[in-house]
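Take a look at the letters that make up each chain.
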Amino acid sequence: MPVAALNEDIGLAPQAASAPHTGALLRLLTCGSVDDGKSTLIGRLLWDASGVTDDQRAAIRTASVNRAVNGEKIDFSLLLDGLQAEREQGITIDIAWRYFETPSRRFIIIDSPGHEQYTRNMATGASHADLAILLVDARHGVKRQTRRHAAICDLVGIKKVVLAVNKMDQMDWSEDIYRAIDSDFRALAEGFGFTEIMTIPLAALTGDNVVQRSENMDWYGGPSLLNYLESVDPEPLSIDAPFRMPVQLVLRDGDFRGYAGTVTSGEIRLGERVVDARSGLGATLSRIATMSGDLDVAVKGDAVTLELDTDLDISRGAVLSEAKRRPINADVLEARLVWLADEPFDPEMGYLLRTATDLNPVTSMSVSALVDFETLASTPAHACGVNDIADCRILLGRSIALDLFRDLPLTGNFILINAIDGSTVAGGVITWAQSGAPTVGDNVFVLDRALLARGLCADLGDSPADQAEFHRRAQEAAILLRSVGVPVLIEI
Amino acid sequence: MTALTAHLKLLEAESIHIFREAAAQFRAPVLLYSIGKDSTVLLHLARKAFWPAKPPFPMLHIDTTWKFREMIEFRDRTAREFGLDLIVHTNHEGLARNINPFDHPPSVYTDVMKTQALRQALDAGGFDAAFGGARRDEEASRAKERVFSFRAAGHRWDPRRQRPEMWQLLNGRLGKGETVRIFPLSNWTEGDVWRYLQQENLDVVPLYFAKERPVVERDGQFIVVDDERMVFEPGEKPEMRKVRFRTLGCWPLTAAMDSDADDLDAIVTETLAAKLSERSGRLIDHDQAGAMEMKKREGYF
Numbered sequence: 001m002p003v004a005a006l007n008e009d010i011g012l013a014p015q016a017a018s019a020p021h022t023g024a025l026l027r028l029l030t031c032g033s034v035d036d037g038k039s040t041l042i043g044r045l046l047w048d049a050s051g052v053t054d055d056q057r058a059a060i061r062t063a064s065v066n067r068a069v070n071g072e073k074i075d076f077s078l079l080l081d082g083l084q085a086e087r088e089q090g091i092t093i094d095i096a097w098r099y100f101e102t103p104s105r106r107f108i109i110i111d112s113p114g115h116e117q118y119t120r121n122m123a124t125g126a127s128h129a130d131l132a133i134l135l136v137d138a139r140h141g142v143k144r145q146t147r148r149h150a151a152i153c154d155l156v157g158i159k160k161v162v163l164a165v166n167k168m169d170q171m172d173w174s175e176d177i178y179r180a181i182d183s184d185f186r187a188l189a190e191g192f193g194f195t196e197i198m199t200i201p202l203a204a205l206t207g208d209n210v211v212q213r214s215e216n217m218d219w220y221g222g223p224s225l226l227n228y229l230e231s232v233d234p235e236p237l238s239i240d241a242p243f244r245m246p247v248q249l250v251l252r253d254g255d256f257r258g259y260a261g262t263v264t265s266g267e268i269r270l271g272e273r274v275v276d277a278r279s280g281l282g283a284t285l286s287r288i289a290t291m292s293g294d295l296d297v298a299v300k301g302d303a304v305t306l307e308l309d310t311d312l313d314i315s316r317g318a319v320l321s322e323a324k325r326r327p328i329n330a331d332v333l334e335a336r337l338v339w340l341a342d343e344p345f346d347p348e349m350g351y352l353l354r355t356a357t358d359l360n361p362v363t364s365m366s367v368s369a370l371v372d373f374e375t376l377a378s379t380p381a382h383a384c385g386v387n388d389i390a391d392c393r394i395l396l397g398r399s400i401a402l403d404l405f406r407d408l409p410l411t412g413n414f415i416l417i418n419a420i421d422g423s424t425v426a427g428g429v430i431t432w433a434q435s436g437a438p439t440v441g442d443n444v445f446v447l448d449r450a451l452l453a454r455g456l457c458a459d460l461g462d463s464p465a466d467q468a469e470f471h472r473r474a475q476e477a478a479i480l481l482r483s484v485g486v487p488v489l490i491e492i
Numbered sequence: 493m494t495a496l497t498a499h500l501k502l503l504e505a506e507s508i509h510i511f512r513e514a515a516a517q518f519r520a521p522v523l524l525y526s527i528g529k530d531s532t533v534l535l536h537l538a539r540k541a542f543w544p545a546k547p548p549f550p551m552l553h554i555d556t557t558w559k560f561r562e563m564i565e566f567r568d569r570t571a572r573e574f575g576l577d578l579i580v581h582t583n584h585e586g587l588a589r590n591i592n593p594f595d596h597p598p599s600v601y602t603d604v605m606k607t608q609a610l611r612q613a614l615d616a617g618g619f620d621a622a623f624g625g626a627r628r629d630e631e632a633s634r635a636k637e638r639v640f641s642f643r644a645a646g647h648r649w650d651p652r653r654q655r656p657e658m659w660q661l662l663n664g665r666l667g668k669g670e671t672v673r674i675f676p677l678s679n680w681t682e683g684d685v686w687r688y689l690q691q692e693n694l695d696v697v698p699l700y701f702a703k704e705r706p707v708v709e710r711d712g713q714f715i716v717v718d719d720e721r722m723v724f725e726p727g728e729k730p731e732m733r734k735v736r737f738r739t740l741g742c743w744p745l746t747a748a749m750d751s752d753a754d755d756l757d758a759i760v761t762e763t764l765a766a767k768l769s770e771r772s773g774r775l776i777d778h779d780q781a782g783a784m785e786m787k788k789r790e791g792y793f
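Residue numbers (my numbering), protein chains in the order written: chain A, 1 to 492; chain B, 493 to 793.
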């Protein structure tokens, strides 16, 4: 296709098709430390922005008298805490989802728990957000938990952050305090990939700068929280991003055979070449089918069914891509993850790697470092447990199609699944990936006595017969590992 | 497309993604069809997700025998029109014991005729996954629900042990004895549902539209008399009143509201301006604080 025609196409039609995808819906995460007043802030936002109905208002007024946290005042946090245990203990345990809209936008609020023991719930919530509101108490400033939350937001790919400096009323609406906290946070955020940080001084209890601009802080020239949320630009839809569509299902109906999935990046048009990233086989896109009518182009976010002119013989787990910029076929990858399960990482446990729509057994996995929340530096480690952020290396028995998270988040993220009970034990992002045998000297897997004695050879003793069996198993393990491309050194 | 309906396209795509993930990962899913507006949207999205093929699962309706007659007619017509398998289940043991909404408190009636009935039907069908039309904006404990909501053996929900759900990655691996409830409409609001029905021009049960109906006023709520089983309090007499339903359940337990809204456009306008929450007309939710959470723990949707 001539370059000029291509540019023209990109300039007109795709943008019209993409318009509904930008800015109509904003998913925002709220997180903060215990007692920073997070639930109160969200309750106030809903209350003042009319996201609360009259019967809910009456119920909250009655319940507020019973709890009497603020004397006669309304306890806005009651709007958020939904579970019995939460109401009893006055804390938030799990994420709560709330919805409201203003004339300019529909909002989804993902309210996440502040307690450290529920960090996994926060990571879950953060992974769904376009923007995070990090709450700090003006009296205490940036704390360990703020760093943890910022690190998790960064890990899961959030690019825009509002630092809400709450309880300004208790610090005499001091500009100096606000500036100090703002610069502390900006220093802390240097190492992260945030593209926009907005610091707003406010008081959730009194409503200052939540919906209405505060009259107590003349020195602040920025928007109220709601004004900002209504006007913030969503992440621009990159029309230059390479096309990806992980296949969820193959749909058949009579002669029809189509690949059903959601476009995770870029766009694809009728007549363009589509390749299955793993096999490298290609075909031409002949039809984009939806029940509401066929489309000429499918863009990021569209749930569609693609029909090709030749059958690629692929199924769920395949990633359809454009011909030029393809995913990486990799069986070795490095990743940063947040550990979600109560049971710590166990190198001998069976795990499954779930990428976009693919599921594969992990051949071996090792932890190389933990992220320290005080210094935000990585320190070498071999273990990780619940709420830890860790760097790890994962080897697979076969190559899979994937991207690096920083390039294409929806084909660069994954969860780890416990192969026995099916639980989700970790969520992570791919930072590096490679196919085939790694260079010797770089990634040699050392099969040593301690590793073998712990699991594979745990039943063997010191007798000559047992020792012979020990060596035999070591050799067999090495053969299996080498057969999937892992260079192995036996040291026993 | 205006700014306000643009987000419906995003919600629709998300729901289709959920349906497809579930169909790919579970052995025997079923779609809980309760005939109301949310079920209408749910079914429409299921049809979109697998089109041109049919949804690869049957519909299940739990019939308490106290549904409005117009609902039952609508249900049968819908199944016929789309050529879908419809399973109807009633708790016959409860029926034999004459458990009904007049002689029993809502909590007992709901447990026997809805929750237990649902568990019976899911077990009998060997279903490992059930789609439901619940939305997180409906009620406080629902605001905490996952999209794939895992239930231990006996269909119990433990809100403290919910699986983390990250990004678009829905993990459908079941542990021993586990089943799952799936909520494709999790992020929809009542307003979204009506705007979507309007935009897609979908047919709903006529009870949603305002019409003169025989009504008894009880504790400030309007109960529509649907058949001769109505038990009147002393001095009560049905009066004709122009009402409609905002939410549909069992007729003696669902209150109607005064309204002149007799088409989708009028309902959308009325819903977006509503001052009361949707479930304020659901008598079973007001039994006691945390009523919905308790029902959910016992296996209710």
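A portion of the hints provided could be inaccurate.
As the list claims (entries may be wrong) - Using 25 Å as the maximum straight-line C-alpha spacing, the simulated SDA-like pairs for lysine to any residue come out as follows: (1) B:LYS501 <-> A:GLY293; (2) B:LYS668 <-> A:GLY350; (3) B:LYS540 <-> A:ASP358; (4) B:LYS501 <-> B:ARG519; (5) B:LYS546 <-> B:THR557; (6) B:LYS540 <-> A:ALA341; (7) B:LYS501 <-> A:GLU343; (8) B:LYS668 <-> A:HIS128; (9) B:LYS546 <-> A:ALA59; (10) B:LYS540 <-> A:ASN329; (11) B:LYS734 <-> A:ALA49; (12) B:LYS546 <-> A:GLY293; (13) B:LYS668 <-> B:GLY683; (14) B:LYS540 <-> A:LEU396; (15) B:LYS668 <-> A:ASP358; (16) B:LYS540 <-> A:SER104; (17) B:LYS546 <-> A:LEU312; (18) B:LYS501 <-> A:PRO242; (19) B:LYS546 <-> A:ARG287; (20) A:LYS143 <-> A:HIS128; (21) A:LYS159 <-> B:LEU661; (22) A:LYS143 <-> A:LEU370; (23) B:LYS540 <-> A:ARG252; (24) B:LYS501 <-> A:LEU270; (25) B:LYS540 <-> A:LYS159; (26) B:LYS703 <-> B:THR497; (27) A:LYS159 <-> B:PRO544; (28) B:LYS540 <-> A:HIS128; (29) B:LYS501 <-> A:THR290; (30) B:LYS546 <-> B:TRP558; (31) B:LYS668 <-> A:ARG257; (32) B:LYS501 <-> A:ALA49; (33) B:LYS501 <-> A:ARG105; (34) B:LYS501 <-> A:ASP309; (35) B:LYS501 <-> A:ALA341.
Don't read these hints as lab results, they were simulated from the structure.
Here is what the structure says about each hint:
no.	hint	result
1	B:LYS501 <-> A:GLY293	holds (14 Å)
2	B:LYS668 <-> A:GLY350	holds (16 Å)
3	B:LYS540 <-> A:ASP358	holds (23 Å)
4	B:LYS501 <-> B:ARG519	violated (29 Å)
5	B:LYS546 <-> B:THR557	violated (29 Å)
6	B:LYS540 <-> A:ALA341	violated (36 Å)
7	B:LYS501 <-> A:GLU343	violated (40 Å)
8	B:LYS668 <-> A:HIS128	violated (29 Å)
9	B:LYS546 <-> A:ALA59	violated (44 Å)
10	B:LYS540 <-> A:ASN329	violated (32 Å)
11	B:LYS734 <-> A:ALA49	violated (32 Å)
12	B:LYS546 <-> A:GLY293	holds (16 Å)
13	B:LYS668 <-> B:GLY683	violated (39 Å)
14	B:LYS540 <-> A:LEU396	violated (35 Å)
15	B:LYS668 <-> A:ASP358	holds (22 Å)
16	B:LYS540 <-> A:SER104	violated (28 Å)
17	B:LYS546 <-> A:LEU312	holds (23 Å)
18	B:LYS501 <-> A:PRO242	holds (22 Å)
19	B:LYS546 <-> A:ARG287	holds (19 Å)
20	A:LYS143 <-> A:HIS128	holds (24 Å)
21	A:LYS159 <-> B:LEU661	holds (20 Å)
22	A:LYS143 <-> A:LEU370	holds (19 Å)
23	B:LYS540 <-> A:ARG252	holds (14 Å)
24	B:LYS501 <-> A:LEU270	holds (21 Å)
25	B:LYS540 <-> A:LYS159	violated (33 Å)
26	B:LYS703 <-> B:THR497	violated (28 Å)
27	A:LYS159 <-> B:PRO544	violated (38 Å)
28	B:LYS540 <-> A:HIS128	holds (24 Å)
29	B:LYS501 <-> A:THR290	holds (13 Å)
30	B:LYS546 <-> B:TRP558	violated (30 Å)
31	B:LYS668 <-> A:ARG257	violated (35 Å)
32	B:LYS501 <-> A:ALA49	holds (24 Å)
33	B:LYS501 <-> A:ARG105	holds (14 Å)
34	B:LYS501 <-> A:ASP309	violated (28 Å)
35	B:LYS501 <-> A:ALA341	violated (35 Å)
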